[in-house]
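Please model the complete structure; the sequences and the hints are all you need to start from.
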Amino acid sequence: MYFQTAVTVLDWFGIVVFAVSGALVASRKQMDIVGFALLGTATGIGGGTVRDLLLGRLPVFWVQEPAYLVTCVVVSCIVFFTAHIPGSRYRLLLWFDAVGLALFAVVGAEKALESGANPVVAVTMGVITGTFGGVIRDVLGAESPVVLSREVYVTAALLGAVVFTAAIGAGLPREIAIGAGLTAGFSLRGAALYRGWSLPRYKPRPGRTLAELQKHGSLARRDD
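In our numbering, the protein residues as written are 38 to 261.
If you are wondering where the hints come from, they were derived from the structure by calculation, not from laboratory data. Check each hint, because a few of them may be wrong.
[Unchecked claim] What follows is a list of derived Cβ distance ranges for each label pair:
(1) V100 - G208: 30 to 38 Å
(2) L130 - L91: 25 to 33 Å
(3) L130 - T45: 20 to 28 Å
(4) P241 - A203: 34 to 42 Å
(5) V157 - V184: 15 to 23 Å
(6) L130 - R232: 15 to 23 Å
(7) G208 - L95: 24 to 32 Å
(8) I70 - W49: 28 to 36 Å
(9) P210 - Q67: 46 to 54 Å
(10) W132 - A203: 48 to 56 Å
None of these values were measured; they are calculated from a predicted model. Cβ atoms here follow ideal geometry from the backbone N, Cα and C, with glycine treated the same way.
This is the structure we're talking about:
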């Protein structure tokens with residue numbers, strides 16, 4: 038019972054943190070209070086909404102429990118009047134966001150397994166739950182999508198969902214599986230924040246020089 042209570046508390050914590058991050062984007066864009074509410078709500082419940090729609094879990098979770106929607110709107114409105122406070126603590130907010138990311142990835146994977154999805158789909162739903170709220174936020178706020186950033190972000194959600202799904206598949210208790218997935222996802226995201234880790238980027242190959250082209254051309258003529 039205590040474990041489930043802790044998971045529920047963290048779930049609400051993630052909703053609040055994601056809503057704050059969405060509202061902060063609205064503050065940088067100098068939007069009105071409606072814009073704050075829109076971006077905050079989209080960030081807080083967007084990932085879970087996409088997950089439920091793809092899994093056919095209708096009505097989606099916030100329709101069944103409107104408290105999620107109300108919380109996002111209220112938090113966003115509070116940020117509208119106090120944006121300078123969390124804005125000056127953006128680094129701390131990133132660490133809170135890391136907790137929400139890891140938790141949502143695990144919760145999303147669990148919801149998918151409960152719906153009868155196979156492990157691959159469960160992992161995918163975990164990543165979607167953890168990251169798509171941020172994608173919707175960035176699109177609405179005309180920001181570069183977080184999934185395309187240099188930082189390790191989606192990979193952390195992927196790791197958390199994989200570890201959780203693998204632990205469940207191995208027959209481990211739910212408590213251990215959730216703890217392992219949450220720890221793995223948060224640890225990777227936290228290490229990326231602390232050390233500035235990023236995945237290798239694609240680098241285009243340099244074009245051939247005139248001499249190389251002439252060489253290959255002469256070789257082709259010889260082959261003829």
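Hint check results:
{"no.": "1", "hint": "V100 - G208: 30 to 38 Å", "in the structure": "holds, 34 Å"}
{"no.": "2", "hint": "L130 - L91: 25 to 33 Å", "in the structure": "holds, 28 Å"}
{"no.": "3", "hint": "L130 - T45: 20 to 28 Å", "in the structure": "holds, 22 Å"}
{"no.": "4", "hint": "P241 - A203: 34 to 42 Å", "in the structure": "holds, 36 Å"}
{"no.": "5", "hint": "V157 - V184: 15 to 23 Å", "in the structure": "holds, 19 Å"}
{"no.": "6", "hint": "L130 - R232: 15 to 23 Å", "in the structure": "holds, 19 Å"}
{"no.": "7", "hint": "G208 - L95: 24 to 32 Å", "in the structure": "holds, 31 Å"}
{"no.": "8", "hint": "I70 - W49: 28 to 36 Å", "in the structure": "violated, 23 Å"}
{"no.": "9", "hint": "P210 - Q67: 46 to 54 Å", "in the structure": "holds, 49 Å"}
{"no.": "10", "hint": "W132 - A203: 48 to 56 Å", "in the structure": "violated, 26 Å"}
Of the numbered hints listed earlier, those contradicted by the structure are 8 and 10.
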